[in-house]
Every structure is written in C-alpha cells, then in structure tokens.
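Single-letter residue listing:
Number of protein chains: 2
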Amino acid sequence: MKHIGSALWPKLRVLQLYGSNTNVGKTIFANVLCKAFGRELAKVHYLKPVSTGPLNEADDRHIHLYNPDVQSRCLYQFDEPVSPHIAARGSKQAISDSSIQAAIHKELQAYANAGKDAIALVETAGGVLSPAPSGSSQADLYRPLRLPVLLLGDHQLGGISGTISAWESLHIRGYDVQSVALFEGERFENHSYLKEYFAERNVHTFAIHPPPERKANEEDDVRSMRSYYEEISRNSDVTGFTQSFLQSHDQRIRDLRDMPEQADEAIWHPFMQHRERSKNTIVAMDSAYGDFFQTYSKQQELQQKGDGASQPPILRPAFDGSASWWTQGLGHGNPQLALAAAHAAGRYGHVMFAGAIHQPALSLAQTLIRGLGNPRLKKVFYTDNGSTGIEVAIKMALRASSLRKQWSSDDDILILGFTNSYHGDTIGTMDCSEPSVFNTKVEWYRGRGHWFDFPRVKLVEGRWLVDVPPELSAELGEARHLDSLEQVFDYNHREADRKLYTDYFNKQISALQNQGKKFGALILEPVLLGAGGMLFADPLFQTCLVDAVRQNTGSHSGQARDDHDWQGMPVIFDEVFTGIYRLGRFSAASFLGVQPDIVVNAKLLTGGLIPLATTTASQAIFDAFLSDEKSDALLHGHSYTAHAVGCGVANESLSTMKQLESSGSWNSFRSDWQPQASIGAAGEDGVWSMWTNAFVTSVSQHPLVDHVFALGSVLAISLKDPKGSGYSSTAAVSLRDRLFAEMGGEDWVIHSRVLGNVLYLMAAVTTSPETIRGVQEKVLGNLR
Amino acid sequence: MKHIGSALWPKLRVLQLYGSNTNVGKTIFANVLCKAFGRELAKVHYLKPVSTGPLNEADDRHIHLYNPDVQSRCLYQFDEPVSPHIAARGSKQAISDSSIQAAIHKELQAYANAGKDAIALVETAGGVLSPAPSGSSQADLYRPLRLPVLLLGDHQLGGISGTISAWESLHIRGYDVQSVALFEGERFENHSYLKEYFAERNVHTFAIHPPPERKANEEDDVRSMRSYYEEISRNSDVTGFTQSFLQSHDQRIRDLRDMPEQADEAIWHPFMQHRERSKNTIVAMDSAYGDFFQTYSKQQELQQKGDGASQPPILRPAFDGSASWWTQGLGHGNPQLALAAAHAAGRYGHVMFAGAIHQPALSLAQTLIRGLGNPRLKKVFYTDNGSTGIEVAIKMALRASSLRKQWSSDDDILILGFTNSYHGDTIGTMDCSEPSVFNTKVEWYRGRGHWFDFPRVKLVEGRWLVDVPPELSAELGEARHLDSLEQVFDYNHREADRKLYTDYFNKQISALQNQGKKFGALILEPVLLGAGGMLFADPLFQTCLVDAVRQNTGSHSGQARDDHDWQGMPVIFDEVFTGIYRLGRFSAASFLGVQPDIVVNAKLLTGGLIPLATTTASQAIFDAFLSDEKSDALLHGHSYTAHAVGCGVANESLSTMKQLESSGSWNSFRSDWQPQASIGAAGEDGVWSMWTNAFVTSVSQHPLVDHVFALGSVLAISLKDPKGSGYSSTAAVSLRDRLFAEMGGEDWVIHSRVLGNVLYLMAAVTTSPETIRGVQEKVLGNLR
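Protein sequences appear in the order of chains A and B.
Heads up: the first sequence begins at 1 in the numbering used here, then just goes up one per residue.
Heads up: the second sequence begins at 785 in the numbering used here, then just goes up one per residue.
Because the hints were derived from the structure by calculation, they are not lab data.
Glycine included, every Cβ here is placed at the ideal spot set by N, Cα and C.
Honestly, I wouldn't trust all of these hints.
[Unchecked claim] Here are the simulated lysine-lysine pairs, DSSO-like style, with alpha carbons at most 27 angstroms apart:
1. A:K298 <-> B:K1082
2. B:K1082 <-> A:K378
3. A:K378 <-> B:K1225
4. A:K279 <-> B:K1414
5. A:K378 <-> B:K1063
6. B:K1063 <-> A:K630
7. A:K298 <-> A:K11
8. A:K518 <-> B:K1225
[Said to hold, decoys possible] Some chain B residues flagged as far from chain A (calculated, every beta-carbon gap over 12 angstroms):
9. L849
10. P852
11. D901
12. D1021
13. D1070
14. N1158
15. L1249
16. Y1288
17. Q1297
18. R1334
19. A1525
Please build the complete structure, drawing on both the sequences and the hints.
In structure tokens:
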C-alpha cells in the first residue's frame, strides 16, 4: 500500500495554484509565474494533474506556447469540457484520489531527483472545491500533499465574497495560503478591499493588470500576449511574490530542522525521561492526514542521506500507530470535524454551563445515555479529560457510599479494583491504583484501595488462553485453552469458571470486611487495562467481581431502593480508553454484561480532535447530592465545562461512528473473526478486530513473541524479555525504533509507542483494510 | 446602549436569503417564496436592508410588481450600482453594523407586533462575504440576528465550488443554513452534485427551472414572468421547502422551550445544588455573540407575557457577566478564533505529543516564556485545565523539594499558602487549600498545608483601604487608607508595611519550622483570590511572603546553584484566573514584582474558546526530574496534551490581545485610572480597570454595599449581609436575579454569578466602553 507524504524537497519548490472561481486567470498567472521563476531558477515545471476540454485548448499547451523552456505535463486528460467528475464518468476506469496523489508525488519526485534548483507549479481545475474525478473536492484531493498555495482571487462582480470564502475553505483544511493574487478590476475595486482584508490575516495580496483584449488575428494575439507576459513578469509585485515564496520555502525547511532543537529548549514533554531526549530524536510533525503523520527528525534525515541518485523528500509519512495516545477515531485533518468545531465556535464560543444548557451539550448527553444502553444511567456530568472524569466519579461514588453507610469524614475510605489499573494522572486518580512506577515518586500519592490480580487473555502460539497468575492458581486453577476469541466472551459455556471466580471473590470480600476495611467504590477498566500494561483481563472475572460486590453488601450497608440503585458499593467503569468503539462497540460494559452505576468516557468521544470527558451516573448517585444545602452539592466544575466546541465535535463524531457501524463499514473486519453464520446475528454485540486473525496468529507463533491479542482496533504484542516484563522493560523498544526507521519497499514508516515489553498498535475506526495489511506486513517484516 | 437579540418570535418567521455569488437569482427566488408563503400565511414581508443601484431597478420594486400584497421595505438605499462599502463612502454619515442591526430588529419587531402569522424574507446584498456598508462582511453584519438561512447556490460554471465555500463561510459563523436552492442548469449539473453533497451534511437542497428568457416587449416580459412565478411557486420542491421551513421554525421554538426540562433530565450541572434547579430556571443558550448570550428561560417568558400590544421576542440578550466563568476574552462567536480552531484541526487534528513537536505548541511555549517576562521560566508543560495545570505544578515542586531536602516518601510534605485560596477541583489541588465548604464533603480531601490570613484591599465609601483581619491586627496594625488604587502597588512608598509584613512572616515561618513541619512549595494566586471569594489581597503582603520563604531556607535545605534556582521552597503562582490580561497585564506576577519558579496559566489562554493549560517551570525544577531512570521522569500527560486546536487558538488569541495592548485600545480605560502624566510612562505596567473610577466610587458609597474593587476587567461588589459573609451567604442573590430579570429601558439583561455575598462582573478584553457604561447603569439601577 502506497501512502504519499507531503511534497517537500530542499531544491524543488512546489507551488499550487488554486482558483477562487473559474475564469480568474489561472493559466495567465501560471504563465506569468513560469516566466518570473524562470529568471530565478534553473528549471520550471508546470503540472496540470487533471485537465478537461479539447487537447489543443488545454492549459499546458498554452504554457508551452509562451514558455517553451518550461516542462509542462498533464497527468489525466479528458476531452469533454465539463467538470472532471462528469468527464471521469465516461472514462474506462475509476480514478481514485489516491492514484492521482501518487501520480503527482511520483512526478514531483522525478523533478526533485534531477537535483536542480527548480520549481513546479501545480494547477488545479475550477474553484477550490470543484469536484475531482472521484467526486471529492479539489482541496480534499490535494490535501495530503499540503502544497503551499497561491490563491487566485476573483476580480469580477461579487468576487470579494468568493475569494474570501475560497480562502476560508482552504484555511480550514489546513493549507498554508502563501498569497492571494488577482487582476486589477477597473469597475470593481476588489483588489484594494482584499489587500487590506488579507493583510489583517497576515496573507500578502497582489494584483496585476489583466491581459490585453484578444486580437482577431492569432499571430497578433500571440505577439500581444508575449509582450504582456514579458512586461508583467518583471512587475515588482510579481517579483516581490516570487522572492518571498522562494524565501518562505527555505524558511519552512529551516523551521522544520530547527523545531526539534527549539522544542528541546522550551518544552517539557509528557511521560518522558528527558535525558533520553535530544534534538536528534524529537519528531517534528509538519501536519497529519488520515492515519498518517508527516514527520521530520534529524535522525531520519541523516539516515536518508548518502544516495546521490535520488533526493528524498524532507517529510516522511508515519502511520499513527498509537492512534495519538488512543484518541484517534476519524482520521487526522478531517474537514468534517474541523467544520463541526468551527460551527460551534461561531455559534457560541464557550458559554458558561452552571445552570445553563445549549443544544450540543444536551444532544451529546442524550446520545450518550442512549448509546451506553444501561437503564441505570441518567445524568451526564462534563469535564475535560479522563483524569478529571474519574475524579468526579470517585467523588460521586464515595459520597453516595458515605451517606448511606453513615461513615464519618475521618474514616479512611478505600476503593476496590484490579492490579495494573490506571485511571489518570491527577493525584486523586492515582490513589485509585496500587503503588507502581507511575506513582511511587509522586510525593502526595497514597494508594487507597485493595487491588485484585486477575487472569489474562492471551494468544500464545496460535491458541487462545486464559492465563492465571501463579499466585492465583491455587484458588483459580491453571491456564485454560479456548477455541476462539469469541469463546472468551461466551459466558454461558464458562459456568465452571464463573463458579470458581464467584467463590473466590466472596471469600476475599468477606475477609476484607472482617478486617474492618471500608470500601466506597469498585472501579475497573472493562476488558482492557490500558496504561497499566495493555493487558486483556478475563472479562468473566471482572463480571464476577461486580456481581460479588453487589451481593456482599456488608453489615453497614443500607438498602437499595430499586433495581437501578447501587448495591454493596457503587460500580465505576473507566471506559476512557475502552469505550466508544475502541473495542468495536459503543459500550465496553456490554462485553461484561453488567450495568455499572457510573461510566467515564473521553478520548474517542471527540473522534480524536480535542479534550472532553463525561461522567455518566445513575439517578441514585445523583440523588445523594440533593439537599437544601448548597454545600451538599457536587462542587466541581472546570471553567470550560461542556464547552460547545467539544460537544459539537463529539456529536459529529458519534453520529459518524454510528453511521459506520450501521452501514456495515466494518463487515470485512467482522467476517474475518466471526463464524460466517453468526455475523448478522451478532450485530453490534460481536467480538472482532481490525487486525486480521491470520496476522495475529502468525505473530503469536514468532519466537520473539510471548503472546499477543487483538480486539477492536487494538493490537498488543508482548515480547519475551529475559530481564522480566513491566514498564521498565526495553524489549519492545528496538522493534518500535525499527518500525519508525525502516520503510521497506514503501515510502512510509510506523510511529508507535511501547509500554515496557509490550508494543501496541491502534487504528482509527476509519482505517482501511489495505492500510491495516500494510502495517501488518511491516510488523512481521521487522519482528527480528 | 442598545444590544439587539437574535430575531425570533412565535408568529413571525424570518428567513434570510444569502447568495453564494451575485447573479444567482436572489430576487427571483424571493418572489417565488413570497408567492409560496403567501398561500400559507396571513402576511408576507420582504425586507432588503441595504440596496445599491438605481431606485427603479431595486429589488423591492420587482417584488412589488409580482407580489402586490407583499409589504416590501428597503432600509438603506444607495443609487450607485456598486458594492455597499463603496456606495457608503459617498454617503453623508458612516453606517455602522450595529445601527443596521438595530434598524432591522426594530422593523421586524414592528411586523411581529401586528400579531399575524407572518414571514419576513430578508435579502442580503451580493455574496455571503460581500462587504457591508461598514466594510465588514454580510455574514458578519447579520450574525447577531442569527436568522435561519436559505442559501442560493450557483448554477453557473464553477458554481459547485462557490456554493460549498459560501455554505462553509456561513457554517463557521454559526449560522443554521436550512436549505440550499438553485436554478437547474442545462449544461452544468451543479444541482445534482450539490443535492448529494449537502444531503450527506443534513442540508436539504432543491432546484427550480430558471426563469424564461427576457422578452423584448416589457408587457410580454411581465406576463411571462407572472406565469413563471405562478407555476414555480406551486412546484412541489418549493412547497416542500416552505412547509419544512414553517415546521422547523415551530420546532426551533419547541426545542428552546423543551431544552430546560430535558436538561433537568439528562444533565448534572457543575457547582450547583440541584434542588435549587428546575425546568423554569435553567437558562437555554440559543447562541452567543460578542459580550452577549441569547437566552431563553421559562421564567423569562412568563415574566414577559401579559402585554397584548407587543409581541416580545423569544430570546433575550444577556451580558455575559461572569465572562463565562472567567474565560471570555475576545467575544463569543468570534470568527477569527473559529477559523484558527478549524485551521489547526484541518492541518493536524490532534497529534500525539510525547517526544514530538508541532508548530502551534512550539510557538505558544515561546510566546508564553517571552510574555511572562521572568528569566527563571524555561520549560512549558501542557495540560487541559487549571486543575491539572496545578496538579503538575505541585508534583514538580514537591519532587524538587524532596530531592534537595532528601525527604522520604513517608514524610508528610505540606504546602504554604493563603486562606481562601482555591486552586482547582481535583482532589490533589483541593488539598492545597484549607478546609472549607468546597472540600469538607469530599471524602478523600486532606488539607495538606499551612495557610496565612491576609490584609484585603477594598474601596469603602469612596476610599481605598488595606483592611487587616482582626486576628492579625495585633501584629500588623489596623487598616490603613491609601489615596488611590495605584498607591496599593507603589511599594516604594510602603516601606513601613513591608517591614511589618516581613517581620511577621519571618516569625511565623521559623515557628512552623520549629514544629518540624516540612514545606515543599509556596502556592498563591497573585493579587486576586478568585473562587475563594473574589478577594483582593494586599499584593505587598504576598510579595513579602515570597521573599520570606526564600530567605528562610530552613535547616534541611541544600544550596541554590544560581540566581534562577529556587530557594527555600519552589514558589508556584496560580495565574489561571489572574494571568493573561485578566488584570490588564500579561503576567499577574508583575504586580508583585517577584519571580515565581512555576506559573500556571489557563482560562484566557485560548481567548475563551476551549480548554488548555500550561505549567511553566524553571530550569532548576526541570532538572530535578533528569536521571537515567524513566521512573524519575514526570510521568504525567493527558491524551490531548498540547492539542493543536487549543494551541492554534491560543496563538491567535495571544497575538490579538498583544495587538490590542500595543495599539492603545485600552487607553480610554487607562486614562480614567491613571494620572494624566503617567499614562505613557506606566505603559504595560499600569494599574487600571475597564470599570470606571466614578462608578466604582459610587457603588462603594451605596448603603447596601460593604465594599467594592475593580482591577483589569474584574469588578467585585461585596454586599452587606447581617448573617455574615462567605460562600453560604445569599445577600448577592437578589441583585443577581434582578439583573437577569429587569431590562430597564433597553432590551437586554445581565447574566452574572455570585460567590456568597459577592456579586462580581467581568468583561472581555474587547468589551467596549459603551457596553461597560450600560452594564454599570443597570447595576446602579438595581442596587436596592
């Protein structure tokens, strides 16, 4: 699978010409620029990727006529003088965006390889959002290349509006519009208005005289145009532009090369030992699109040097293998999400949320309550990230418990949970996990809980296994094999395990109660424990703990008032990582088949764009805060609570994901994991992964691999480490580094993160089967 | 000062016609719709607010010809057939956007008052971003009215691009575009492409036959157009649109009326006792623009009923008096920030930040380090909100202290601070404050510190006062009067106070050290303590504490390595509320004239749009986390750390604010507070407020008022409460409620928040002197 990168080479400059309308003189400007750049550089290329209309009228012919030294090329030519998407219909084969992108990149790479100081002018068809052959827009078609743009403004009546709107359409798609250029208009002073308008936005604008009227005699016409081009291309506005463009190209490359060092100066990176960081290893992200970053690093550049015959591009596409810390859902640079963000910003900005309501926050709350499919859940509390969402959940649960059990404020109230859990970076959420490398050096950390170790699900040498830690095997027995991933979740056929697990928890809980310990909440990450090591917990074991705490209500406990009230202690599900389709389903709790009292969501909630978190609680939990005293209320609320931009983006994301689910977009993934017969039946409740069954099996059989698993978009590979596993292991680091350094036969690499000896990979819910296959091949190729 | 609201009445529908270009048939469509709506409703109005060109050609004449029953109006008519901004130049007086908005609103209100089932079609001039008379764009001019839009698409060559771009320009300005309509094109199939395109975006599109060719004979022409209008207006696409528009109008009103009740069902509000909340009091925010919310509440609607002669609009503009929880800086619905957000989303989405760098995050870090003007500060750590920013600061400071002082992990390490401080909602940040109403019912709260009470700055009966709490007066003396607010900060003339304060702290600190207490950090909110009661601390007292902890380094302490290293204990400034121009300066620390080791910023950082926080630290603090062990690193980092959208918006905001500062935009405010001679000299270091000196003085003299102060954009009025002040006081509630209920002679109210007996008001940095005056008049009018 080919993935093209942003087109940037040191000696080949590329400038894209976009029109804010048809008839704004794109080809005239192209000729002017060919002439002007021709005086500065050794070579000028003119590239019209897609052209419609009779061949002899085509733009590249016009270029050739007035600029015979310019090498002009058209990649796709249609005779019919209509929009490319209509012309393409008549053509033999479908022309995809990615094939056009690849053809352009290849063409540009050939120019770059010549090694001369050169420029390529890439001319688009029609206006900025005119349809491409595939039916998508020009601006979307060319976006992965992210070429610097000269936008040609419209000098005609109404052209001010069209020019600014066109600029906005490019701007919100992440383009750098270098300048705006247009013809001077005699009647309409568009150019003077636009100059001022864009100057305020740091975009330089220049205007040139329009070409002379067309002469009746063709020879006269050519002569008159020739002298027009000759004169205009020496105009100081034009040469001012060419100079500043050449400088900005060099500046962009300098900036990229300087960014790592400047970051090393000014940035304190998260989760990172800075002694391991240097200006050579910091990765500069020029931009990102779909599943790919466009990366520069010093190390990368040094690696690529040495082959005189080809000039590699400065930027390298890297698959976003950590899904940008588990957030990514709908692809980077997604114009749909950018528009949703801007719409909410334009409608509201941020509006204070205490005692108020706005449509995006209300819709999102209703969608969540519906989507979680848990009749207990009634009220949504907004915060900004998973940590604060968990802080709120803990405050909710502990208060409800304290009130019912009449504990005093001096009591040490604990939580129940699982070992290797991780609920966030704030000190209160850290207190929910047992002492570990993450918290032992946090001065105010005080682990306040009891944590159960648990059986893990693993694929080992081609067989699915529920592995029991040695310390538990006396009570839970040895590891058992299962026929398939689906069987892990088929609890009806695991009654013996259920009995064993339930007996175990009943015994454990009464022992803890006998010690006089007070537990105010059970908190767990359903199915996958993320930051604590990317571990696949036996979901039946988790289910049994929930059931056990609800049955062992303890001597102090009051009565639950109805079926939707909490019993024993409130149950919190931390679905920050596992919820919202990360594992293939909206609700991760659905895998366990139990109803938590509080659920926390974040990460994928906004499709991977901006921070937002929700803590959704039952009515019974909510009611614990009702009284006539203000001080009994949940006195929590960040300034940007329920910010409209976050809620607006989340609504757009959730509806897109729901649509992907219901339209069967994931069926090819599903059918790989689910027996043919049950695909329809399983529906939303299926167990499947975007990573192929065959690939996962093959990884599990590799001698370097201890075990592996895949679920939803998550893949985790545990490498054997003779020095022991855990966060401090470096067994996975060399694989990670190889994946980022080696391109194999293609022009892209994989950016990934490790957790100790585990290398994990995560896809967006929109990642294509082809890209997944490409990633899998690279992983298998680098497992050595 | 008049502030118009969104135009929404139950029986008067308003539909705005925008063109995606000129020559897309706006007036033709207007005629068709006049006819079609005329069959449904008792009255049709056609309003062309601004028209250019000879009178007899004007659009309203054309309407009159074919729809004699329609009442057509033009509010501003220019004879010259050019863009309104050029035509307006020739006109006698400048026509501001706000005067046009007010004229339209007044006109529409008159239609509504007639009480009939009616519609007003409001036609714009040119394209969506064509210049208005003031030079701003059509879409920006009309945005405060936020009328539902029918966008007229372009059927001509290139019209697909122009239509979609026009829709995007409206969408990012927060408009609801109800439908897109255009002429069917014979040659270009724009309509079929656009129908499909917009259907995917839930926007309905319809197309009609274009009008017949113009006849040579005028009578023939009129006859032919008449029959065209007659036929087309009965076309099912047209009637389908009119029906759905009428339904959507009713639905919008139903939704507004239902929203509070649905919010009461689904939402858990922040910082609120829900027993005080009901469907009658929850405020629905339809949108917001500039300084104003557009609000609906049941209570409001009930109040307005009863006057049969006029039909009040459903929405009421309310000044955002809490600056949306202290975040608001550059106005709601700011298109500049919306575009900045969308650009970053389009360029990156969110990209994983560990070990990576992108331009918006790097620029922001560099701008902050420069702007804070503190040579100690070298490294920026990103998080999502003030609470998490403080959590990070605490982790940083305590680790640095522990390492140097070789404390063990079992030691109880405390912080030093001031009483009534508030540093955030997460449990770790709550532990930084003394026990109070905010935290006593948080089960895991354990206050870990020692907190000093402090002298307060107040304006009492027209005189500035440094008031000393009774418990401190034995050591610090009685209250002292000062001549002006500026004198409070003139430490050179307060040497006696400095000596008194310093002696006090030296004694206190050595007493604490003698008790064996270990202090790992000093944390304070410079100048204003926000959530703890909106208190103005004597800044000299805060300065003296910083100096004292640095001089009393304690017996355990090691040596500072250089002038930029911390001494005694790391000093953290919580500038979440007070920083970034809230008090008129970029750095709040500059008021104290000391250099903290760690500064936390949030709120205004993004101009009031989305959550983002920074913790900026000294090199010495950073170096405490360097080692060969990964576990010694600061293992903190939220998923969306340094999200590109937040950083992009922050860069845009900070540059706009910097620009406002340097261009003298606040000079009229400054000159009111600073002696004429010193304005120039004081420059960025001045002490001033957006609230006028005369107003603040007058409030301070009101019998209900205990004291007041103003600084930067903050105003705090402490009301006398015989039952005592503090968070549980309700003394300010009735003033708050009156400000929200009573419009006075104008059509707007004030939405504000109280903290116990304190009513505070806060402006954006862009709020105009006129609006400030309007708010002040309302406050004085309602102080009773």
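Against the structure, the hints come out as follows:
no.: 1; hint: A:K298 <-> B:K1082; verdict: violated, 61 angstroms
no.: 2; hint: B:K1082 <-> A:K378; verdict: holds, 23 angstroms
no.: 3; hint: A:K378 <-> B:K1225; verdict: holds, 23 angstroms
no.: 4; hint: A:K279 <-> B:K1414; verdict: holds, 18 angstroms
no.: 5; hint: A:K378 <-> B:K1063; verdict: holds, 16 angstroms
no.: 6; hint: B:K1063 <-> A:K630; verdict: holds, 18 angstroms
no.: 7; hint: A:K298 <-> A:K11; verdict: holds, 18 angstroms
no.: 8; hint: A:K518 <-> B:K1225; verdict: holds, 17 angstroms
no.: 9; hint: L849; verdict: holds, 24 angstroms
no.: 10; hint: P852; verdict: holds, 30 angstroms
no.: 11; hint: D901; verdict: holds, 26 angstroms
no.: 12; hint: D1021; verdict: holds, 23 angstroms
no.: 13; hint: D1070; verdict: violated, 8 angstroms
no.: 14; hint: N1158; verdict: holds, 14 angstroms
no.: 15; hint: L1249; verdict: holds, 30 angstroms
no.: 16; hint: Y1288; verdict: holds, 28 angstroms
no.: 17; hint: Q1297; verdict: holds, 18 angstroms
no.: 18; hint: R1334; verdict: holds, 21 angstroms
no.: 19; hint: A1525; verdict: holds, 15 angstroms
Going down the numbered hints, you'll see the structure goes against 1, 13, while the others check out.
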